[in-house]
Amino acid sequence: MSALSVDALRSRFQAALEAARTPADLKTLRDEFLSRKHGLVTALVKSIASATPDEKRTLGAASNALKQEIEAALDTREAEAAASAPPKDALDVTLPGRRPFLGRRHPLTQVRERVEDIFLAMGYQVIEGPELEDDWHNFEALNMPAEHPARDMQDTLYLASPVPVPDGGRAATLLRTHTSGMQIRYMETHEPPVRVIAPGRVYRRDQFDATHTPMFTQIEGLVVDEGISLGDLRGTLNGFAEQFFGGRVATRFRPSFFPYTEPSAELDVECQGCAGKGCNLCKHTGWIEILGCGMVHPAVFEAVGYDSDKYTGFAFGVGIERLALRLYGVDDIRMFYENDLRFLEQVAL
Amino acid sequence: MKAPASWIRELAGLPTGTSAEDIAHRIAGVGFEVASIEGDTIDFEITANRPDCLSVCGLAREAATAFEVRGPGSGVRVPGSSVQGPTQPHPPPPKLTHADVSVSIDSALCARFSLATADVTVGPSPAWLAERLTACGVRPINNIVDVTNYVMLEMGQPMHAYDIAKVAGPALVARQAVAGETLTTLDGQQRTLDASMLVIADRDQVVGIAGVMGGAGSEVSSSTTHIALEAAWFQGVTVRATSKKVGLRTEASTRFERGADIGATTTAIARALELLEEIKAGRATSAITDVYPAPKVAAVIALRPSRLARLLGDCVPAADVERILGNLGFAVAQAADGWTVTVPTARVDVAREADLIEEVGRHWGVNRVRATFPALRSAPRVSDAGVLRARRLRRVLCGAGLQEAVTFTFMEAAAAAPFSDDPAALVSIANPLSEKFAVLRPSLIPGLLDSLIYNRRRGITDVRLFEAGAAFNTTGESQRVAWVLCGQRDTHWSTRAESVDLFDALGIAEVLTNGWGLTLTSVTTDQAPGFVRGRVAALLTDRRIGTVGQIDPAIAEARGLPAGVIVVAGELDLSAFTGDGGSPQRVASLPRFPAVVRDLSLVVDASLSAATVRATIRQPSGGALSALREVREFDRYQGKGIPDGKVSLAYRLTFRDAARTLTDREVDDAMTVIIAALQQECGATVRGL
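The listed protein sequences derive, respectively, from chains A and B. Residue numbers for the first sequence follow the working numbering, beginning at 1 and rising by one. Residue numbers for the second sequence follow the working numbering, beginning at 350 and rising by one.
Think of the hints as simulated: they come from the structure by calculation, not from any bench. Check before you lean on any hint, since a few could be wrong.
Within a straight-line C-alpha distance of at most 25 Å, the following computed SDA-like cross-link-like pairs (lysine to any residue) qualify [to be verified]:
hint : chain 1 : residue 1 : chain 2 : residue 2
1    : A       : Lys283    : A       : Glu270
2    : B       : Lys785    : A       : Phe216
3    : A       : Lys88     : A       : Arg21
4    : B       : Lys785    : A       : His212
5    : B       : Lys593    : A       : Ser161
6    : B       : Lys645    : B       : Val697
7    : B       : Lys594    : A       : Thr173
8    : A       : Lys310    : B       : Lys629
9    : A       : Lys46     : A       : Arg10
10   : B       : Lys629    : B       : Val697
11   : B       : Lys785    : A       : Asp332
12   : A       : Lys283    : A       : Phe301
13   : B       : Lys785    : A       : Gly286
Quick caveat: nothing in here was measured; it's all calculated off a predicted structure.
For reference, chain A alone in the conformation it holds in the complex (with noise of 0.2 Å):
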């Protein structure tokens, strides 16, 4: 075998370190050019004692440099990659982290005390009540005596008998069809000013369907003091719409009807699939009906006790599923009520 040239051999070399990747190329290499018996410098050096004494002085000095040179070279890259290579109690920190287990707020929760805490920013009092009612609280005291035909608007769940109630009062009869009830509860035990939220479970006798569900949540609001107007209502409404939706949402006041309250209101927002424009979320007529409203009627604050010409009032309910269908991007309601964790989970914590 003829020997390569010196400067042949370190090109050779070097190009061959260049495409060296791991320690076993390296090894190879090393094997390849300073093995004592096949080593391509080797060769060379062997190859020398042929040569005439001029170029064995010449050529065994470049060989001897050649062979240093790659040496250090080696060494250099061996050490290089050991000092990359992985400890050996190296743990994969690819594989999943152990998490502790956390579980999310309900979303109707999430909506809830979101308008909750819209509202306990504006100095209201967050009150609840029994979810069994007497007639008195959820009918009558409303200015709905018996078979007024407002009630047709609530169709009602009654018990098969009558439950007492912890307070000692009337015995239960029905399931209450709204938090309004909660209006009187507070203003019997209450003097003004009256600034309260009523969240809660309420029950009607209704379909089950993609939009209705014979239970839902509804917050019940109840402002009472000298004073109190329509204005204050729409004021506060606003501010409700602006923080709940984010930004300036346009809203705005129909008439409507509830027997107790007089002017009664519903107000709608702009809808925000659309921008206004009309779309099948909003039925194209550009708004959305959020709630329904109105100046509390004389005879509500005559049935508590109050002074219907000193005091002015007045009242909201909204429902939750409605915000929270909203909110969501959700098109069944029922999907509130089956706890399917793939849903569930998908809201934020």
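Put chain B on the given structure of chain A with help from the hints.
What follows is chain B alone, placed relative to chain A:
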């Protein structure tokens, strides 16, 4: 209420170019939602307080006011007729010579009964009349019946026509039914009546259920030649109750139950007679008989500008107040402090000043009211403790890895009964939507179990749910929190797959109660319906406040859970969770001296409860024993190396004195005493310290 826009336009005097959409939009703007517009016909949703708008006249009056087409007081007029809308002063009835049917009232539930007779030729109605009825959703029958329906749609006053030949007497009386009387109504159904029902009867029998439906026996037919036209006022509550009892809602009952215009009866008859002549179907043969024992005095209400401004929060100009009320048919007179307003009899919803203010607000524009914000005049009160408690508990449970669920409060009896202490104490709903919603939940667990199964059947194996809310029995409602778990305790790749068990459920109860400052103990119980015996614990503070354990697999499988899945659950009554749990509690000062910790390994009979062993450790006293702060089980083992029927328990004891550092010697002495007690009381073998 469906109404053709052309009819509204005609009565309101709107320009002919006014489109159905324009009319719908304006009327919607004053409080009548539009369900649909089909061609020229608008379907309005009439709120329960506005029976006057179950008529084209009523809607036309709203339209005329909304469009401001006329000056105050001009109202609504039927073109070519002597009849004005129902909220205008009623014209005197035409003077005719005799009435050949005698009329009387024998019940306070009927306040006015008017009647006239006419000779008629029965046949089909002219096309224009039939078309209007059809547009309003009323089926044309014959010219006589159609005229009565037309007047009802136009003016809101339900009417009825009798074939006089089939009326015994002929005499008609409004009276209450005698229990057991029957009537075959126009729809061919035989109805049995009771004494609460108001009826119209002839000399011999009932001929109509007042305000609901007439009888088939005196129906106008093709052979009829002589009729009696009835227009009356029946009390709404009675009509509503009767209509519900007989299961019959009609155009008439809908109007009466919400309140008919007591002033409209004679006007309606006059209008019907006019129409009969106009379509050449007949002519009057009598004067109008009007039995009206106590004529209603129109309500007069004072309206103060100050009150108007206070309620609306804005000043409506006096001219607008007068224009709006005038156009709506109210008679408005100036008074010292504002106005004196006379309410038309059709407006049964207007009884007080606030009602008038609503009328002004509707038409002036509630949407124009300037937004203000009510001032806080006193410090807000803190929210109810229960509200704060629920918020706090939810956060703890979410942090403990449970997902919040919301389940229905009512359920089928089969789901509820297994979890009820006493199935007879379940609260039933009298009129449930279906058997699926028949009883109120006696516990939150069955609803959560169903939700767990729902997820499990969709391939989700690890389910951890909780709910906070009310549970019910015949003694009332109570606030609870409950949780259910199934699947693996830990799903990490590094741990062995192990199913959750009772202790996962128990730990949640411990975290909740300890975090609230309550001391909880768990004891064996047989009083836990729905759970597996021997794998359930009663939870006690000073009384029993809940249960944890493994759900009876037979119950879970009956609800659809695949066999072999362990479900554990817990429930706490929240009445023990008083305060809000977050109020500052006094804290003990931190220990200044180090603790001494000793581990103790014992073998005892497997039947001995951990509570007994723990109590025995704590039983001795004296010396360093009074410094024993904590006794904690940290291992429990049965199997290889431990004799059958025995169990190895390991305890970690922490001693700490508040005043000084304990010596090893003192603690050794204390351990000797404890070990002696364990050997004596529990037959324990100590395996090493």
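Quick rundown of the hints versus the structure:
| no. | hint | result |
| --- | --- | --- |
| 1 | Lys283/A to Glu270/A | holds, 12 Å |
| 2 | Lys785/B to Phe216/A | holds, 16 Å |
| 3 | Lys88/A to Arg21/A | holds, 20 Å |
| 4 | Lys785/B to His212/A | holds, 16 Å |
| 5 | Lys593/B to Ser161/A | holds, 21 Å |
| 6 | Lys645/B to Val697/B | holds, 12 Å |
| 7 | Lys594/B to Thr173/A | holds, 21 Å |
| 8 | Lys310/A to Lys629/B | violated, 60 Å |
| 9 | Lys46/A to Arg10/A | holds, 17 Å |
| 10 | Lys629/B to Val697/B | violated, 35 Å |
| 11 | Lys785/B to Asp332/A | holds, 19 Å |
| 12 | Lys283/A to Phe301/A | violated, 37 Å |
| 13 | Lys785/B to Gly286/A | violated, 38 Å |
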